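Novice: We have chain A already, so just place chain B on it with the hints.
Protein sequences appear in the order of chains A and B. Quick note on numbering: the first sequence equals residues 1 to 163 in our numbering. Quick note on numbering: the second sequence equals residues 1001 to 1466 in our numbering.
Simulated from the structure, these hints should not be mistaken for laboratory data. The reader is advised that the hints may include incorrect statements.
Calculated cross-link-like contacts (lysine-lysine; reagent style BS3-like; alpha-carbon spacing at most 27 Å) [stated by the list, open to error]: (1) B:1371 <-> A:99; (2) A:53 <-> A:81; (3) B:1139 <-> A:163; (4) B:1371 <-> A:101; (5) B:1139 <-> A:137.
Quick caveat, the model's predicted, so the values are computed rather than measured.
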Amino acid sequence: MNPYPFPYFVRIIFIYYCLSTYRFFACRALLTFFLLTASQAFAVNHYEVVINKSVGESHISAHSLRSVFSMHLKTWPDGTKIRVFVLADDDPLHQIFSKEKLNVFPYQLRSTWDRLVFSGTGQAPIKVNSIEEMLEKVTSTPGAIGYLWRAYLNENVNALTIK
Amino acid sequence: MKMLTRSQLSNFLTGFSGKIVKQFMLLLLFGSVSFCVYAENLGTQKTITNSQSQGTSLKWLPAYALPSFITEVKRPTWINNAADWYQKKSVQGDLQIHGFIGQSYIVTSHNDVFGNSDKGGSFGLTEAGLNMSFRPLPKLLVSAQVLSRRAGKGNSGMPRLDFAFLDYRLYSHEANQFGIRAGRLKNPFGFYNDTRDVPFTRPSILLPQSIYFDRTRNLALSGDSVQMYGDFSHSKWGTFSTQLGFFFPIVNDKDTRASVLEGLSGRLTREPSYIGRGIYETNDKRIRLAVSGVWLNANYVPTITEPLSSGALQFSPIYFSAQYNAERWSLTSEYAIRHFAFSGFNNQKLDDTNFYGESYYVQGEYRFTPKWEGFVRYDALFTDRSDKSGKQWASENPAERNGLEHSRYAKDITVGLRWNVTPEFMLRAEYHHVIGTGWLSGLDNPDKALTNKEWDLFAIQGSYRF
Chain A
1 MNPYPFPYFV
11 RIIFIYYCLS
21 TYRFFACRAL
31 LTFFLLTASQ
41 AFAVNHYEVV
51 INKSVGESHI
61 SAHSLRSVFS
71 MHLKTWPDGT
81 KIRVFVLADD
91 DPLHQIFSKE
101 KLNVFPYQLR
111 STWDRLVFSG
121 TGQAPIKVNS
131 IEEMLEKVTS
141 TPGAIGYLWR
151 AYLNENVNAL
161 TIK
Chain B
1001 MKMLTRSQLS
1011 NFLTGFSGKI
1021 VKQFMLLLLF
1031 GSVSFCVYAE
1041 NLGTQKTITN
1051 SQSQGTSLKW
1061 LPAYALPSFI
1071 TEVKRPTWIN
1081 NAADWYQKKS
1091 VQGDLQIHGF
1101 IGQSYIVTSH
1111 NDVFGNSDKG
1121 GSFGLTEAGL
1131 NMSFRPLPKL
1141 LVSAQVLSRR
1151 AGKGNSGMPR
1161 LDFAFLDYRL
1171 YSHEANQFGI
1181 RAGRLKNPFG
1191 FYNDTRDVPF
1201 TRPSILLPQS
1211 IYFDRTRNLA
1221 LSGDSVQMYG
1231 DFSHSKWGTF
1241 STQLGFFFPI
1251 VNDKDTRASV
1261 LEGLSGRLTR
1271 EPSYIGRGIY
1281 ETNDKRIRLA
1291 VSGVWLNANY
1301 VPTITEPLSS
1311 GALQFSPIYF
1321 SAQYNAERWS
1331 LTSEYAIRHF
1341 AFSGFNNQKL
1351 DDTNFYGESY
1361 YVQGEYRFTP
1371 KWEGFVRYDA
1381 LFTDRSDKSG
1391 KQWASENPAE
1401 RNGLEHSRYA
1411 KDITVGLRWN
1421 VTPEFMLRAE
1431 YHHVIGTGWL
1441 SGLDNPDKAL
1451 TNKEWDLFAI
1461 QGSYRF
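If we strip away everything but chain A, and leave its shape as in the complex, we get (with noise of 0.2 Å):
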């Protein structure tokens, strides 16, 4: 009896159908896989912490920044002052940063200000109202850090990295 129930040109067809379809989905599935990687690069990569061009220091321990964004540490290594530049709470930069550099919701740091600020033991970051003004204020303040995005950085902000 034949084993196979259509002729050999069916067959054909059909394996050649079900390649094509196998060959969509593995295109689609890969394509897809490289959006989500390029996605996930572009919110990590797109911005960058910046500091003052007085600021001597080109990286940061990830643990010192969350103490600096923290209000903790107030003073740069070679003892000048840290001033701390921030967007609105709700600022998509400012959750995306809070959430991956410094690995805390924006809420907690908010809540860990306003013990500083009302219990008299430390002082907030300065809020700024635009990307465009922080920028200003990091190039302009001594002392000063912040975080843009890669789209705003030029030649009078230092980017600091974070090990």
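Specialist: Relative to chain A, chain B alone:
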């Protein structure tokens, strides 16, 4: 228990339907006012962006850049200098000014909280504060806050100096810090005491009263003190922060005297006291654990007519606090065991006063969206943990105390909702069902016999900060 609560709730609802309508109207009113504020903000933002797009952003003009008819108005140069100095410092963030104001509307059944809340509700709770901090040197911080609190008969609203101190950082290496503070300082205990007057930093309108009594608040709030502090931080394990202090408590206020010295007419003097707190936090601030302790001393000076000698009061509570923070929800619990002891009064009854009180609460918060938050809490207070029902206390003096056993405990179930209208403006509402009158203020409820064991409290609050 469930049935009981439900029937009480329905009683409350039917009994207070009129009031609830009133409260709803008020909430609407608050809502419309807040919307106006919001709309106004939108308007100003628009005008600001407009002016920026025309390239005329607001700037501090030097005097020579102004037309002569303005500069001809003779202003003393020191005013200009001061204004320039202020502008420069505040732009750099070395000088900061913050403040807040909060107004609450409270309605209760039976017992009064912050004014005549039982008879048709009251606007009896107003809180306002203004604070300044200045960093003249990298390691030196100066800060001060003035606070006004109008709350029932205990607090008149008279502004008072809440804190004013110098903070000098002695050592700083990476994330490890060590320093000293001197002046009038907030007493660090529990998670909330340092900032308990700021509506934005509290989880609810009324903090869990078992731990944060509003009755003896000024005694606990701040003191004239010297504190050492240190943050020890590890990149993997997290941060351990400590504060240790020596202080003189603030004892000369009405509410403290009324609740500590029931029936006595003399006065309190302050004695050296000690306080300490240690907080452990993981690096992502998800887990926070704290232990705090106070050893508070005061002396009693009797009036000439009192047959007493000057006695000593000692109040030494220990607090354990724990919190877990996720993106959407937080779980918080605090437990306190509080030791009271009187001695040297030369009066058998007073000198025998030596007991341990117990308090705890469990609280869950949920953030539906960044703008809307809700919470549920169970809070329990026992004035004397060896006599939780108050029966033994009543049996010591049945003639006066029978039927008042409920003044020795309080169990409070609270639900609440918070709306962050803008980052600066917030509205919230909460409902308490309370069994017991352990934390009721004696000044607001002078006749104990008229207080009710089971009662309800509803409150709404609007608060603004900058």
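Novice: Between the alpha carbons of residue 1139 of chain B and residue 137 of chain A, is the straight-line distance 27 Å or under?
Specialist: The hint holds at about 22 Å.
Novice: Within a Cα-Cα threshold of 27 Å, do residue 1139 of chain B and residue 163 of chain A meet the stated pairing?
Specialist: 26 Å, holds
Novice: Taken at face value, is the distance from the CA of residue 101 of chain A to the CA of residue 1371 of chain B at most 27 Å?
Specialist: 24 Å, holds
Novice: Taken at face value, is the distance from the CA of residue 99 of chain A to the CA of residue 1371 of chain B at most 27 Å?
Specialist: 19 Å, holds
Novice: Between residue 53 of chain A and residue 81 of chain A, does the CA-CA distance stay at or below 27 Å?
Specialist: 14 Å, holds
The structure is consistent with each of the numbered hints, conforming to all of them.
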